[in-house]
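K.L.:
Construct the complete structure from the given sequences, taking the supplied hints into account.
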Amino acid sequence: MPTDLSTLPQEPGVAKPDPILVVDDMRKRFGGIVAVDVDHLEVQRGIVTALIGPNGAGKTTFFNVLTGFDRPDSGHAEFDGQSIDNASPHKLAKRGMVRTFQLTKSLTKLPVIENMKLGATHQRGENFARALVTPMWRAQEAEIEKRGEVLLDRFNLAHMRDEYAGSLSGGQRKLLEMSRALMADPRLVMLDEPMAGVNPALKQSLLNHVRGLKDEGISVVFVEHDMDVVQGISDWVVVMALGAIIAEGPPDAIAQNELVIDAYLGAHHDEPLDLEEAEVWLPDDNGEEE
Amino acid sequence: MQAVFGAVDWGFIIDQSLNEGFDINAIVYALAAIGLNVHFGYAGLLNFGQVGFVAMGAYGMGLAVTLWGANPFLAVLVGVLFAVVFALLLGIPTLRLRADYLAIVTIAAAEIVRLIARSTAMRNITRGAEGLNEFIGPFRELNPFDPSQIYGLGPFQWRGNSFFVIIVGWTLIALFLWLVWQLMRSPWGRVVKAIREDEDAARALGKSAYWYKMQALILGGVIGGFAGMILALGNATVQPDYYVAPLTFFFWLVLILGGVGRVWSPVVGSILFWISITFVQNLGRQLVDNGIISTSIMDSTQIDQIRYWVVGIALALLMVYRPQGIFGSREEMALDAH
Chain A
1 MPTDLSTLPQ EPGVAKPDPI LVVDDMRKRF GGIVAVDVDH LEVQRGIVTA LIGPNGAGKT
61 TFFNVLTGFD RPDSGHAEFD GQSIDNASPH KLAKRGMVRT FQLTKSLTKL PVIENMKLGA
121 THQRGENFAR ALVTPMWRAQ EAEIEKRGEV LLDRFNLAHM RDEYAGSLSG GQRKLLEMSR
181 ALMADPRLVM LDEPMAGVNP ALKQSLLNHV RGLKDEGISV VFVEHDMDVV QGISDWVVVM
241 ALGAIIAEGP PDAIAQNELV IDAYLGAHHD EPLDLEEAEV WLPDDNGEEE
Chain B
1 MQAVFGAVDW GFIIDQSLNE GFDINAIVYA LAAIGLNVHF GYAGLLNFGQ VGFVAMGAYG
61 MGLAVTLWGA NPFLAVLVGV LFAVVFALLL GIPTLRLRAD YLAIVTIAAA EIVRLIARST
121 AMRNITRGAE GLNEFIGPFR ELNPFDPSQI YGLGPFQWRG NSFFVIIVGW TLIALFLWLV
181 WQLMRSPWGR VVKAIREDED AARALGKSAY WYKMQALILG GVIGGFAGMI LALGNATVQP
241 DYYVAPLTFF FWLVLILGGV GRVWSPVVGS ILFWISITFV QNLGRQLVDN GIISTSIMDS
301 TQIDQIRYWV VGIALALLMV YRPQGIFGSR EEMALDAH
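Those sequence lines, one after another, are chains A and B. With my numbering, the residue at position 135 of the first sequence is 135, and numbering never jumps. With my numbering, the residue at position 278 of the second sequence is 278, and numbering never jumps.
A hint or two may mislead.
Residues of chain B clear of chain A, computed beta-carbon distances all greater than 10 Å [said to hold, decoys possible]:
1. ALA109
2. ARG114
3. TRP170
4. LEU183
5. ARG196
6. ASP200
7. ARG203
8. LEU205
9. TRP252
10. ASN290
11. GLY291
12. PRO323
These stretches of chain A come out as covered by chain B in the derived footprint (C-beta under 8 Å, 3 or more residues) [stated by the list, open to error]:
13. 77–91
14. 102–109
15. 117–128
16. 147–156
17. 164–178
These are computed hints drawn from the structure, not numbers from a lab. Only a predicted model underlies this, so the values are computations on that prediction, with no experimental measurement involved. For every residue, glycine included, the Cβ atom is placed at its ideal position computed from N, Cα and C.
P.N.:
The following block contains the structure:
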């Protein structure tokens, strides 16, 4: 099933055969800083897309804007052919676009299984009036619980079922957050640095889980720093620097891309980048900034 | 010891204390604290103006009778409506913001309610500082008990009029305890508790944090409104200057004493609060009256202050040795520390 993207031109904003997410002219500024400045981006359905870039490239802000946690100054985005401009986060989640956070948001004072059950959308018992009448939601609750248990088992958390989520380790919280996102039956999962702060052994298991999502037909976008991680797991890589998309392509091609090495690794190893260099990379817009 | 305390009438003190533990005041505090528990204990909403909801309930019910001659059931409905409107007024501008904004707005809004109610400009409607005193009639007509008779057992004896309000009050408490228990074991409660923990996590999972917080604010506010209605019925009056800001903190005290986020804690907290405060007051009065405590140390007018000292010290000790309150879970508290 994996779509072959190797024949696509490797340039920023390239059109994909079957995009699940399309972004146009999206801008977000914080004071004088341009955090997001994306002309055009398409995310292919059914694959794992990595969003990489050096610190401060605007990856998380871009995520926040796309998932409704932040408002763009301008721009347009479509999810599965329908506009998601001005959509609030909870509506996006209900429509099948679920995100996780860089700093895990386990609900520490709820047991692990309750965390899972919360993830299910369209619960009858979440309505105030129906919540008062147990028979209205008991059957659905049991079904959701079963689904949660199956997922916990798959993510190696079954033994923690009844523990408070606050007693999980950092890595387990990442697993919990990912599996909880799946409870919503998403079509697109947006993972914000799923590997951050996770030990190497667990990293491998997380990678396998991300690949597992793809095998289920779920599209994945994830933010990552580490180029090695990206190599092993992603089908397509999008590189951001200074808020803009500077390159796109399959992982091995990106690893050799001159611009990427400069922006990403170069900036890391040599010296902090200055404005003149930035202008060279971003010929369109950034040159005319005040 | 025997010589010192021999003159103290322990039976009377204990009877008085137990009686107060189940009297109108205890009911009012319990209801207000049940509302606060919904707000803070479950939804994480910092409401420092619960007394405003109590006042809205009392005034809504009273005004419905004095202004429009409403029948008792309609009057109660108006009281509920007042509390709902107050919740909307507070919630709409603040619930999208961080938790502290609600705290600031509630404490101010509760004072605004009191100041408007007692203002001379409103004299034709709220009777200003005089308060509402002519609404009790229609409610008394519903009273099946004989006002001249005494009802009840042991220390729990009241005259007919009070007895009626106390029965209604405890029925309401039972009803709202069931409501809170049922809601908090339902998926609705799960969403509310999730929002208390981390609003963004709940939003990312498809729950409208704003709407659930609004529902919780309204629910807790309406329960607070019923506290005001019971108070008004028990005292047969609505006095604006009863609804002062410190009252809110007594509701908080009652909640924390019982343990935040537990169904029973507001009720047990309120009963214990009223028993202990009455006990200290009566004991103090007898010790002074019998000359056991010399008037050079304390006279009977100072007992009212002393009783709050004693309760304050007791609460401080509770916080040191049992910070989760009577019913709270220490394990859950420890999770905050990470």
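K.L.:
Hint by hint, say whether it matches the structure.
P.N.:
Structure-based check of each hint:
1. Distance check on ALA109 (chain B): its Cβ is at least 24 Å (rounded) from any Cβ of chain A, clearing the 10 Å threshold; non-interface status holds.
2. No Cβ of chain A comes within 10 Å of the Cβ of ARG114 (chain B); the nearest lies about 30 Å off, and the non-interface call holds.
3. Against the 10 Å criterion, TRP170 (chain B) stays outside the reach of chain A, whose nearest CB is about 21 Å from its own CB.
4. Separation of LEU183 (chain B) from chain A is inadequate, the least Cβ-Cβ distance of about 6 Å not exceeding the 10 Å criterion.
5. At roughly 8 Å, the least C-beta separation between ARG196 (chain B) and chain A is not larger than 10 Å, which violates its mark as non-interface.
6. Some Cβ of chain A comes within 10 Å of the Cβ of ASP200 (chain B); the nearest lies about 6 Å off, and the non-interface call is violated.
7. Here ARG203 (chain B) does not stay apart from chain A, with its beta-carbon only about 4 Å from theirs, under the 10 Å limit.
8. Separation of LEU205 (chain B) from chain A is inadequate, the least Cβ-Cβ distance of about 5 Å not exceeding the 10 Å criterion.
9. Distance check for TRP252 (chain B) against chain A: the nearest CB is about 20 Å away, which clears 10 Å, and the non-interface claim stands.
10. At the 10 Å boundary, the C-beta of ASN290 (chain B) stays outside the reach of chain A, the nearest C-beta of that chain being 51 Å off.
11. Taking the minimum C-beta to C-beta distance to chain A, about 54 Å, the non-interface status of GLY291 (chain B) holds against the 10 Å cut.
12. Distance check on PRO323 (chain B): its Cβ is at least 15 Å (rounded) from any Cβ of chain A, clearing the 10 Å threshold; non-interface status holds.
13. Three residues within the 8 Å Cβ limit are the bar, and the segment 77–91 of chain A against chain B gives 4, so the coverage statement holds.
14. Given as covered by chain B, the segment 102–109 of chain A passes the check, having 5 residues with a CB less than 8 Å from a CB of that chain where 3 are the minimum.
15. For the segment 117–128 of chain A, the assignment as covered by chain B holds, since 10 residues bring a beta-carbon within under 8 Å of that chain's beta-carbons and 3 suffice.
16. With 0 residues having a Cβ less than 8 Å from any Cβ of chain B, the segment 147–156 of chain A misses the three-residue criterion, and the hint is violated.
17. For a cut-off of 8 Å, the count of residues in the segment 164–178 of chain A with a CB near a CB of chain B stands at 3, and the three-residue condition holds.
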